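Participant: Residues per chain, in single letters:
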Amino acid sequence: MTSLDGGMGHYTDRLLHCENAVSASFAFHPVDGQPFVGQSIPRREDARLLIGRGQYINDLALPGMLHVAFVRSPVAHARIVNVDLSAAERAPGVHLAVCGADLLRALPPVQDQQLPLPAKWKTTVSHKIFDPRQPLLAIDRVRHVGEAVAVVIAESRYLAEDAAERVVLELESLPAQVDPEAALAADAVVIHQNASSNQLAEFAIAKGDVESAMASAPHRIKRRFYHHRYAAVPMECRGVAAQFDERTGSYTIWSSTQVVHWLRREASQTLGVPEARIHCIAPDVGGGFGGKGHVYPEDLLIPFLAHQVRRPVKWIEDRREHQQSACHSRDQIHDAEVGFDNEGRVLALRDAFIMDCGAWNPVGVGIPYNTASHLCGPYDVPNAAISARVVATNKVPNAPYRGAGRPEAALVTERLMDLIAHTLGLEPMEVRRRNMVSAQQMPYPVHLPYRDGVSIVYDGGDYPGALQKAVDAIGGLPAFRAEQAAARAQGRYLGLGLGSYTEGTGVGPFEGASVRIDPSGRLYVAAGSCPQGQGMETIFAQITADQWQVKPEQVMLTLADTGAISMGFGTVASRSTVNLSAAIHEASTRLRKKVFAIAANLLECADEDLELRNGTVAIKGVPGKSVSLADVARASRPGWDSKRPAGMDAGLEETYYWEPSTVTWSYASHAAVVEVDLALGRVKILRYAIAHDCGVVVNPMLAEGQIIGGAVQGIGGGLMEEMAYDSEGQLLSGSFMDYLLPTASDVPSITVIHQETPSTLNPLGVKGLGEGGAISPPVALANAVCDALSEYGIEINSTPIRPEAIWQAVKTARASHA
Amino acid sequence: MKQPITLQVNQNTYDIEAEPRRTLADALREDCGLTGTHLGCEHGVCGACTVIVDGDPMRACLMFAVQAEGRAIRTVEGLAAGATLHPLQQAFIDHHALQCGFCTAGFLMLATSLIERADPPDDQELLDALSSNLCRCTGYKNIVNAVRAASVALRQR
Chain A
9 MTSLDGGMGH YTDRLLHCEN AVSASFAFHP VDGQPFVGQS IPRREDARLL IGRGQYINDL
69 ALPGMLHVAF VRSPVAHARI VNVDLSAAER APGVHLAVCG ADLLRALPPV QDQQLPLPAK
129 WKTTVSHKIF DPRQPLLAID RVRHVGEAVA VVIAESRYLA EDAAERVVLE LESLPAQVDP
189 EAALAADAVV IHQNASSNQL AEFAIAKGDV ESAMASAPHR IKRRFYHHRY AAVPMECRGV
249 AAQFDERTGS YTIWSSTQVV HWLRREASQT LGVPEARIHC IAPDVGGGFG GKGHVYPEDL
309 LIPFLAHQVR RPVKWIEDRR EHQQSACHSR DQIHDAEVGF DNEGRVLALR DAFIMDCGAW
369 NPVGVGIPYN TASHLCGPYD VPNAAISARV VATNKVPNAP YRGAGRPEAA LVTERLMDLI
429 AHTLGLEPME VRRRNMVSAQ QMPYPVHLPY RDGVSIVYDG GDYPGALQKA VDAIGGLPAF
489 RAEQAAARAQ GRYLGLGLGS YTEGTGVGPF EGASVRIDPS GRLYVAAGSC PQGQGMETIF
549 AQITADQWQV KPEQVMLTLA DTGAISMGFG TVASRSTVNL SAAIHEASTR LRKKVFAIAA
609 NLLECADEDL ELRNGTVAIK GVPGKSVSLA DVARASRPGW DSKRPAGMDA GLEETYYWEP
669 STVTWSYASH AAVVEVDLAL GRVKILRYAI AHDCGVVVNP MLAEGQIIGG AVQGIGGGLM
729 EEMAYDSEGQ LLSGSFMDYL LPTASDVPSI TVIHQETPST LNPLGVKGLG EGGAISPPVA
789 LANAVCDALS EYGIEINSTP IRPEAIWQAV KTARASHA
Chain B
-19 MKQPITLQVN QNTYDIEAEP RRTLADALRE DCGLTGTHLG CEHGVCGACT VIVDGDPMRA
41 CLMFAVQAEG RAIRTVEGLA AGATLHPLQQ AFIDHHALQC GFCTAGFLML ATSLIERADP
101 PDDQELLDAL SSNLCRCTGY KNIVNAVRAA SVALRQR
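One line per chain: the protein sequences are A and B, in this order. Going by the numbering used here, the first sequence opens with residue 9, and the numbers climb by one from there. Going by the numbering used here, the second sequence opens with residue -19, and the numbers climb by one from there.
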């Protein structure tokens, strides 16, 4: 059986071995002499994944490994009267069965807010946050269907599941809160006994004077918008394996996670073991999209269990568990009002919204604050007031998923833009153009604080330019209006929908890189970022290769491994390319000084006379006068024959932790042309275009893959996917039979146009792009459907845009017209 | 109760012992050590576990190992010829048709069964067939393009 080895060193070697294991002939050949950044270099990850030699968490097999099955709550809200494990304990092959009460005797309760808020934010933003922490297993109450109540460890997964069925739960039902507004009622059952109500957090931000600007505005529109609940749903569910080492008293935790260092920190607190004795590794991860972007109870429970049974333990989440215990996202209700003048210019924007956070709130106000701080979008809004409340319900907890609060903001702002246009009889594109921050206004201060506490400044770009390019790419506005009219004459309903956004990317606090020259002369980079399919091994090899004037093949990387670098943050929030490229740049810059000093010593010249040339350090303008990086690495070694200049420390390794001053702003406009079938309520996407700006593009092929992949998730979210609950808090979409993911037949061809405004906030000029594609599709499609059905005056202000909703709206409109 | 089962996978013989309830996917992964076949949903919807059984694509999560006895099974591990990738694998690289790679083996085996047929599928048939598997990363366009390109490449060999 294929196995990941316990030691990560061996694991890394295997990856390198895999790189050379098959001869893949690449259709693309890098252009010699050009920087590798900017070239569509094929992925080094592909070969191992294509031959079935990827190493995902479920491929890990350790000698003596035991397997886990969870018992999860079948009801939304109940008091736990008793958990009877006795029959399970007697079942064949069972080693241990544990419930929450058992854990309470063995472990301290989970502590600490998972995402600490920066002091700058706390002093700037008016807020109140109560953050109850989820126990590793439910103790006195279950608070959502799927919450883990007990766990069974057995010789195999089959036996663990058999035994889990024998666990007897005695539960006393409590009323389920499924509607966040009802959960705020004075007489509502409170889900967390230490809280005074089901409101777990609130905050407010404002700029200008909304009251008077709204009061004096010539026009006002007020609407309710609802962005429904859906989720990341990676093809690989979650999974955790752990092993306790008696010799050193240390734990190794493998998790399908986006945040290995964060996991190590939480595990240290929970297990009461220093971080130096915990090693966290994310092997190949089968998709994350934010859903694996924080630490889950199972991440901490599995290592605890491994210590208890003194055997390696593995838990692989199944799909049903994933749907009902991995975090969901979105789920916001907005009451928004816009005041505008006769030209359609926004004078004031006011929004009060509720986020249904489910039973727990693992990342605090991260999502709703993103919503608030992105609400003004690419527009020059002089006055704004935004307030949010986070409300507990008996559903799966809500945590960031690709976009993380921004799709919700875009739904509000972009629908309002179309409503302004409709009110004034203007083109939606024209209303956007009139309100957009222009290229001449850059850098543009928004006068609202970002979640790092820094006042937002849009650092550059051409927002109207991107809008124009997107509309041009679907054929241009006049041509579309003609096409629409011609289709209408034939009884067909076509619509054009726009969705523009801005996105703060590359958020801090930091990411670090250790750059080392290996004795072989190859470059070695270790970093805290955690890939889940983005192609990081490829792009960071490109970036490092440029720093050292070597080929990408000469660069080795270790990511997602706490053993490789002492501090890291992880891959969430469109931040890795931005922060890690800067860290690699800075570490390389420092290391180069040392390399040049040693090379100068070897070549008996001055440092300033040297340059990097084809993997060597060479004297400028003197062919043949050079030393290889391997020579320099050997000369740097400590010992009798070192060739270092006097007084220089041994070794060739530099670690740099990049702490960005604040975020850098990506943006895009999406344009969708749809056809609505009135008889069936179906929406067919005829054309879809995205004009976006993520600064300098490291690898255009991979960037396009990220944008299109994100957009298809947004299309799925807009039209098909929903984590739906009934009035008892039962999840109605607990399998792929009910939770509809887009298939190849559901997606349109998507045109992507790059607009490249280099960021001024980091050395490579890059901006994040992982999430962006998923932000606009739901609202672009809502606008397109409204445009198609404009003669009926139908407004789509909530998602998902289901056939039955459209069919019903048309029926109602026809009845009222009749 | 475990019983001896002989599986023929990628023209290799695996003598294993498994309970009747053991799925083919689990037998391949855990008893044969062929972990390239992945489980995405275990209820036959996502297609990540697709393997080829007697020439037809099958969900390995919906088939018991005992049912596969005596039948010719192909998995992703058998696709490349030694160190040379199958044209489909090469096309996936060229078209950036994978990101996280988790669904990839299922798509490769599904597509292999299609493009190796005597009568290759036309574009619509290809799209219909590929719609039976799920991918959450790529948005599918590159997968469809890669399969189309490989179908052509295969016929030109």
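Derived from the structure by calculation, the hints contain no laboratory data. Only a predicted model underlies this, so the values are computations on that prediction, with no experimental measurement involved. All residues carry an ideal CB built from backbone N, CA and C; glycine is no exception. There may be inaccurate statements among the hints.
Just the calculated beta-carbon pair ranges, DEER-fashion [what the hints assert, rightly or not]:
1) B/Ala133 - A/Pro646: 32 to 42 Å
2) B/Arg97 - A/Thr256: 29 to 39 Å
3) A/Gln449 - B/Arg137: 49 to 59 Å
4) B/Leu42 - A/Arg690: 21 to 31 Å
5) A/Arg690 - B/Glu96: 51 to 61 Å
6) B/Glu96 - A/Pro646: 50 to 60 Å
One-sided excerpt, in silico: chain A residues whose CB lies under 7 Å from chain B [unchecked claim]:
7) Pro50
8) Ile59
9) Gln540
10) Ser743
11) Phe744
12) Val755
Participant: Which of the listed hints are broken here?
Facilitator: 1, 2, 5
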